[in-house]
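Enquirer: So you can see what is in the structure, the chains are spelled out below.
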Amino acid sequence: MKTFKNINLVLILLCFSFSYAQQTPAKDQAMDFAIVGATAHIGNGTVIDNSLIIVSNGKITRVLDNSQPNAVTLQAMDIIDAKGKHVYPGFIVANGTLGLVEVDAVKASNDLSELGTFNPHIRSIIAYNAESKIVESMRPNGVLLGQVVPRSGRITGTSSVVQYDAWNWEDAAIKTDNGLHVNWPNSFSRGRWWLGEDPGLKPNKNYSKQVKELDNYFKEAKSYNNGSTKDVHLPFEGMAGVFDGTKRLYISANDEKGITDAVNFAKSHGISNITIVGAYEAGNMTEFLKQNNISVFLRRVHTRPNAEDDDYDLPFKLAKKLVDAGVLVALEPSGQMERMNSRNLPFYAGTTVAYGLTKEQAVQLITENPAKILGIDDMYGTLEEGKSATLFISEGDALDMRTNKVMHAFIDGRKLSLETHQTELWQRYAKKYGVED
Amino acid sequence: MIKIHLRLLIFMCSFSLFAQDYFPSNSGVIANNTNYTALTNAKIHVSASEVIDNGTLLIKEGKVISVGKSVSIPKNTTTIDLEGKEIYPSFIDIYTSFGVKKPKRATGNLPQYEASRSGFYWNDHIMPEQDVMASFKYDDKAASEMHKLGFGVVNTHMPDGIVRGTGALIALNNNADNSMRVIDGETAQHLSFSKSVASRQSYPSSLMGSMALLRQMYNDAKWYADGNVDTRDLSLEALNGNKNLLQIFEANGRANVMRADKVGDQFNIQYTIVGGGDEYERIDEIKSTNATLILPIDFQLAYDVDNAFLAKTLSLSDMRAWNQEPHNPRILSENGVTYALTTHGLKSKKSFKDNLMKAIESGLSKQKALEALTTVPAQLLGKSNELGTLKAGSYANFLITSGDIFDKKTKLYENWVQGTPHFITDMAIKDIDGDYNFKLAGKLYQLKISGSSSKPSAKLVSGKNELGTKMSYKNDWVTMTFKTADTTKTEFIRIVASPSSGKSLSGKATMPNGNDYSFYASSEVKSANAEGEKGKKGENGKTKDAYMSPVTYPNMAYGFTENPKAETILFKNATIWTNEGDGVLENSDLLIKDGKIAKVGKDLNARNAKVIDASGKHITAGIIDEHSHIGAVSINEGGHNSSAEVTIEDVLDDEDIDIYRNLAGGVTSIQILHGSANPIGGRSAIIKLKWGESVENLVYDNSPKFIKFALGENVKQSRSRFNVRFPQSRMGVEQVYMDYFSRAKAYDELKKSGKPYRKDTEMEVLAEILNKERFISCHSYVQSEINMLMKVAEKFDFNINTFTHILEGYKVADKMKAHGVGGSTFSDWWAYKYEVNDAIPYNAAIMHKVGVVTAINSDDAEMSRRLNQEAAKSIKYGGVSEEDALKFVTLNPAKLLHLDERVGSIKVGKDADVVLWSDHPLSVYAKAEKTIIEGVTYFDIEKDKQMRETIKKEKSTLVNMMLQDKNKGLKTQPVRKKEKVLLHCDSMDFNTTEK
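So the sequences go chain by chain: X and E.
Each residue of the first sequence is one higher than the one before, starting from 1 at the first, in full-length UniProt numbering.
Each residue of the second sequence is one higher than the one before, starting from 1 at the first, in full-length UniProt numbering.
Because the hints were derived from the structure by calculation, they are not lab data.
None of the hints are false.
Result set (DSS-like, lysine-lysine): computed pairs, CA atoms no more than 30 Å apart in a straight line: (1) E:K971 / E:K409; (2) E:K927 / X:K320; (3) X:K205 / E:K966; (4) X:K205 / E:K350; (5) E:K349 / X:K205.
Output of the computed footprint for chain X on chain E, the stretches with three or more beta carbons under 8 Å from beta carbons of chain X: (6) 649-662; (7) 860-866; (8) 919-931; (9) 971-977.
Since we're looking at a predicted model, the values are computed, not measured.
Built from N, CA and C at the ideal position, the CB exists for glycine as well.
Throw the hints in and build the complete structure from the sequences for me.
Expert: Okay, here's the thing in structure tokens:
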């Protein structure tokens, strides 16, 4: 009973503390506006040092080099003087879990995992908490969009893509149910210490069996979806999109063997829309990835190397190796404290610059590339005419924590509040001590 | 077989009567056999250093009467002629649990904080009163196994608990009872760092807890011995009683050897320490302990590296262990370390001889090997007059062999214990391996016999046909059955023959039709062949010897072959962030010399300095992490709610790769804090990241004294299923402090009064806090508890030094300033648990602006390698100036650690702990290119590149060697993936007690 009481207490506390709502989502764009003079990082690898960007009805209508003469008249619109500032497409969290967990250690706030090994019917969008205080803390760093991915089982479920300023999950959704996620079997497994086995990592004896099980599951699902049976099988129905090409297949695999097997597996099932997630050892197999046209969600840049003998900077320089080889790469944040750390996505990209990429290439890793892979590049990911005005203006280089200071951010032309639970507390206490800026 | 039984019978008769003459007998008359036995014409190794050729060993009633070249033999002597054979003293294994069953693991649900027993020490894992004889049961089977390896005597003990009680010395005499076999019922007191499985008492839950417990136990034993305790403690009585016994400590590895020795030294106890086989890695350290070691030789098998994908995950350190560990005994001998060898640790005892041979192939001298198996253990046990040699008066414990006992081909015939022979290989059996020719019924046959001494087999060829053959060789008779060459029939020819001198077989053959013929096979080419094989083997041995991977410091990837030295270095044209009044100096020079900052300025010159062009680059003081958990093998002692008695300095780990990775991120000093399991945690280790140095050289000289405290969810065990440990609320946390500080105050007053007092490490440490000699760094989250601890401290008239984490510090920054406490926080972590709901990234900025000394720390091995970037976030969040932001990870943590006189800024006279950055040091684009501590370059980005190449090369050499092993048919083991667990504040994972 005692434990029960405590759970209630936690629930009460949670209800209380989460009752501050998120910042109110912004209204639709009413008036056209122009961003004048900023260095525009287009997101596709190019940059315009002195740019003119015009936004109308939530869309980018013009992107021009402002140092060249042009015939555009800036009338009947708001002018944002952004001379010396930088403008970027909204950064995109690939393979994210924002909105699924509020406080890691509070089980009641956790919707990340579901029971079962094969969960293609599980849809992450349902649990996405548009009012998460963690989600709102993304915006002041320029992180405006993301994928919402369930995380447990061999087939973890179906993901969607959302924007981070919404009243509810339905409004937040940009693309619904367009990804299926698989955790590839591990090449190594742990001994069962409770049976007296060595708990260290040894080659996984069940690897082939686990691959076989997955293979069978895909075959069965395919047969089901080819037929016209009336007996509804929800999980198999969840697989349909993978076979008809409407769902991308994301396979988490980190070692060379796993990656190779995963790619060959997908191909054997006639699936070509595949992305490898993690890809720690992909640096040794760039040719293979390139030949097979495999895109990669590269594991969190700010991690330690897996093995003692690995180069200390391996996680930092991996992006460069893949990009140089022509592999389509986006950065993903999974790992410890991944949700609150997703706001550091720009700095993950910044680190890849210290280890070899150009700044514009690094920007691509969190804008155009994830947009392409997530299938939202028709509207998002770059500052190009005709696309959604999902962008932000930073006082300086947004990839560097020293200079990432977001002044304005927009999603579909809507001007976002940059206030958060955290900025409110900051202001309250700064005022208390008289140490406001 | 008859022969064997006959002899066995003779000896059995002589023994059943031994030593029991006052026992009544109801099975016959009492008759003592007092005959002599003489073993003659043997090469007798009287001891490891004395050999008699063609000698005689005379024994009687289980003891050696005399040994020598001319021994007078009494008339009532049975003589055994051992011409061509050798006699060795049999081996002694000083470290076994022979005949002892380990207790069953205790089970239960709730954690148990109190002891299960009364009348004994307060901790169940301390059992000096345990007597191994109480659970000893002689194990014939295990004894026979040991006989085959050459052992005659073993010391056994109960392998369970931290103090395990006394062991006993057992002669492996299968034909006697314990009255004979027990040579000494109380030989040694046994200790280890591992808890008993029979009790679930939580304390200690860590290695450092075990060390602290042992120390407290010794203090208490003295207090008890001095008559200060009115009640009974049978454990301490036993401990005091066992004081003069040999003290054997099971450490199982070089780092723990050092730890055990450290504990022993503090109480003037020299343990004899069971090592782990890796002592060669820091041989000078091991040597400095002056301890005699007990060495296991459980060498690794080669890893199965056929699958290149899997093999890739093998770490260089694991590969080296395989390659280097067979050299351990040799290296210890070369350095004058005395040791006994043991079978302890071997998964299969059968591998003992193979591993011993490996050690010898790796250069261990045969004499040292024999000493380590005979005289050394005998001496340790105080039994040099009875064991380990064959001098008159010793037990008649000896081995009869076909030759040099340390030769692979040598056969062990008999293992005599207390005059009782145990027959291993029939002495009568000859080596009949070879190629023979014989003629039978007009046909010529070629016969090849191999494995005659163990598993004989024969291959028979006639003309072009190989004939299916079965053979056996027993009691000096060969029997062989083979199919005739006529493949249309299934008919057999049978042969019975015995070998005669001159390498031939003679006997009779019985044909399918029943006709008998006499049979004679002669061997011609045999010896030549055997020699050829032998020669080849010798060569193989040598190729194996040829490559031993270099031992580096630490002995793993990125280790130094030779530790780098301090240099005089002149950096030219750098941007220097002084952290002093000078601010940031552009285009300036920095001279470091004798480990110190010698000069800062423009256009400096220095003779003999290594000049480094730092144009376009930045130099800062080395980064200091106030809150780290790298470089230690144990972080939390969670067995008690207060653990002031433990210290991280006891559990430092000099081979943590994260030390190197942190250097590569510009970190030079860290405080390794105890975890946050308890309101009162353990003492810190404040170290410099001197990669390659041994643990004691990592710790600061005259290190400031710190202790970790913790508040909130972790200490009240919010996420535990059990509500059994006090405190369960923040209300209780306050009372824990009130209680302990009140007691510490009383303790200190008593101590200062000069009256006798019970020395209590925990109270000593807390009294240091009250006396302002030790500082608190307290894990803290919410404002209520922060405020509380300051008030508690004020009641006891001291100050809290640092609040670490301090995520709601911004809510009480004014109170913190008034109290004078600093804050060491995360840049932007939050949302990982309920109490960080109000954590904000502006925290550092607010505290700083209010006037609190503020630092940014990591608590994380990943974040710590980019702590400069974490500092930079306070520019973004709250507008801290760049210079101040850098101080958050350099000068301010130095201040918080009371080290700002020595490190934290670039000021003449301070330690030369500096970093050369490729770019603005607060920028995400900056890389540390050189990280220097006291003038020594511990990380150099260029050298790192070279090391990567070396590692690759060495690994492929070792992989090839492993493949060779596999191709030779040697056993392999599956590859393993080495892991380094990332330790955080709440890591309770490490537990030495669960092996």
